[in-house]
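**Q** Next come the chains, spelled out residue by residue.
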Amino acid sequence: MAIDFTKTGVSGEQTFDSFGCNVWHVNPDTPDLVRPDIRFTRQVHDGADVLMPDGREVRFWSFSDPNATNADKDKPFPSPLIRVRQGQVVHTTLKSAKNTHTIHHHGMDPTTFNDGVGHLSFEVSGSYTYQWRPANAGTYFYHCHKNTVLHFEMGMYGPLIVDPPEGPGTLFTGGPRYDVEAIWVADDVDPVWHEYNHDAGLCGEDVALDRFSPRYFMISGVPAPRTLTDPRVIVRAKPRQKVLIRLINGAYSVLRVAFDLDATIVAVDGRGLGRAASPWSRPIPLPRGTSVDMTSAQRFDFLIDAPATPGTYGARLEFRDWGTGEIHAGGRGVAESRIIVA
Amino acid sequence: MNRRQFLTYGGAGAAVLSASEEAYAQATATRIDLSVEPADVELIDGRVVYQLLFYGAAQSEPRPVIRVTEGDLVTVTLRNNAPEPHAFAIPGAPGAEIAAIAPGGRGEVTFRAPRGGTYLYLDPLNAPAHRLLGLHGALISTPRDGHTPGGALTPFSAETLTPATRLLFDAMRDDPTARFVGDPWRPAREKIWLFAQIDPALCEQAELRRPIDGAAVQRTFAPRYFTINGLSGFDSSEAETVKPKGYVGQPLLIRNLNAGRNTHAPHIHGNHVLELSGVGADGSVVVRDNIIERDTWIMRALDRKDLILPFERPQDIPPGAWPPKEEPFPLRYAMHCHTEMSQTAGGGNYPQGLTTHWELLGPTRPTATS
Ligand SMILES: [Cu+2]
Ligand SMILES: [Cu+2]
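If you're matching them up, the sequences are chains A and B in order.
Residue numbers for the first sequence follow our numbering, so the first one is 1 and each next one is one higher.
Residue numbers for the second sequence follow our numbering, so the first one is 1 and each next one is one higher.
Looking at chain A on its own, in the form it has when it is part of the complex (with noise of 0.2 Å):
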């Protein structure tokens, strides 16, 4: 079937309208189709609640993969993992039933129509498959990119990694190997915001979106202080082991972040520092006590040598305020969790 570019904000006439209350709304066939080497399902998944550690319950909306047979199928929140090699052409197919959302691969570069934005292509009622194929190894992820302000912090999005051809083990093609690795999604969670509903604030609705209060603090789904001892957050390594820590920011802090051990940053946005196409840039060390600023949608890779000696050692997130630069929730702002060496 011919797509009709005219109908989507490629070929359509933009205006003010179509800019970001009256959004294309269409499910197209993927143009420039080829082959998949690996395909993904993501159902948009909206209700799923979050026992706080002061008794709250807070609803988050994310995706889950219908395909799978473990705790995917129904994830409630953060969305499933998407791991893919280097060079894969990979289709990833939005499910939406109600409302509209898309999905953006963050970091990624493919074409307008597979990129998910809205506003300049379209979004999705129905069903469409974006099509990419990474070219970098590295750390990435995936959100709904439709009132992203709101949905973005309801927690639809997932980790997103490549590894290289020679799979996980090495972070890139003539980069550092590792032994164990630990995903982190940091998130602050604002418990008014996520009472509203799907297009709250679109269309000249003045719902404060503008004023965020972040209240909870979480790493990969798991509310702080529990990412002290909760086993999906902490690491695990044997001594001289190397540890691979890649931390996404998905909050709207500024997140300030530090180790009680030396670490280097190898990697930033999905691109390995020193890396052969890179030669004006190289690897980061991060000496343990000294902290480093991430600001919200970036990725930093964190290379850390288990010591000799068995021990317990802290990591720690601040939440920043973006204006005040000050940590959220009146100095709670904070997520701790720990690697330990055994």
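The hints are simulated quantities; they were obtained by calculation from the structure and are not laboratory data.
Yeah, the Cβ is synthetic: ideal placement off N, Cα and C, and Gly gets one too.
There are no misleading hints in this set.
For each label pair, taking beta carbons as the anchor points, the in silico distance ranges come out as:
1. B:G150 / A:P285: 25 to 35 Å
2. B:A201 / A:D179: 45 to 55 Å
3. A:P239 / B:G214: 52 to 62 Å
4. A:K73 / B:D174: 50 to 60 Å
5. A:C203 / B:A102: 45 to 55 Å
6. A:P239 / B:D289: 28 to 38 Å
7. B:D174 / A:P165: 29 to 39 Å
8. A:D179 / B:E326: 36 to 46 Å
9. A:G12 / B:E204: 32 to 42 Å
10. B:R112 / A:R282: 33 to 43 Å
11. B:A281 / A:R288: 19 to 29 Å
12. B:G105 / A:Y196: 44 to 54 Å
13. A:D72 / B:D175: 45 to 55 Å
14. A:A308 / B:D145: 44 to 54 Å
With chain A's structure known, arrange chain B with the ligands on it following the hints.
**A** This is chain B with the ligands only, laid out in the frame that chain A set:
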């Protein structure tokens, strides 16, 4: 005397006060005439706010881009047509300061244009209040000699170039072995993205001439509008002064400045950018020796960063789908701040905030010989 301007949102364009059209002319003396003017500005959702803006002498557009050549003697004159004192400064340009000028008064300063790079001129009084009310603009200093030893042109002074910048600019050339096959960077391939934030409550405070305490503003500033070169949302996405365009192989320099208080997280789709420079503690331009490719970078208050948008073939399109046959050019890619509160205007209206996009016009340059 009190010339109150009314700006229709979207009217803000690219006024340029050029000290020298010749990039590498002899050192010359240059004069820039500015004034501080009160203005009523209509925002993207129709709301009108009171701002204070710099204007050039014969210009109808606010916050003119000032262009100078490194080492030139530059004289800035400033007339204050606002009802309270105003001043002038350029962080990183030693001596470029005019002390407080009374309403109706005039001030003047002469200084040497700083090293090649991107600078922010502003009213430092009552910091950050006057800057946040609109009193800021971009100053571009063209290097006297910006070449790498390999002959590539850069936006920085040759003596500040690092090994990494030399490698990178030499890697943009018409040679199949180069990382960025295509044209070298050319000075005309440039966009200025000057970020700002507007809190209507602060605007009203100024309009009603209530006393403003800069330290209090630093704590309580609550922006509801987020602009690039004075525009936002639909307007900034379509403005030629904001939106980069080009073919694969036509690298472009983004001169990014943040005049606001809040930290932005600009994120670009379609290509990663290469971060070339930052700001030293004294405001000077710091040319990086570790050039990192990013899809998201950090822009704190008063940050200035120069970045290369390489206009390379988007790397994650399957080879069997490149160049696309069904999907038409131009490919269009968003740039937006990922601290998504900045994507709103007046508490909602996503995405009428700090966003634009860039256009990839085609897979090969029209003039390319192949
Ligand atoms: Cu994103
Ligand atoms: Cu995005």
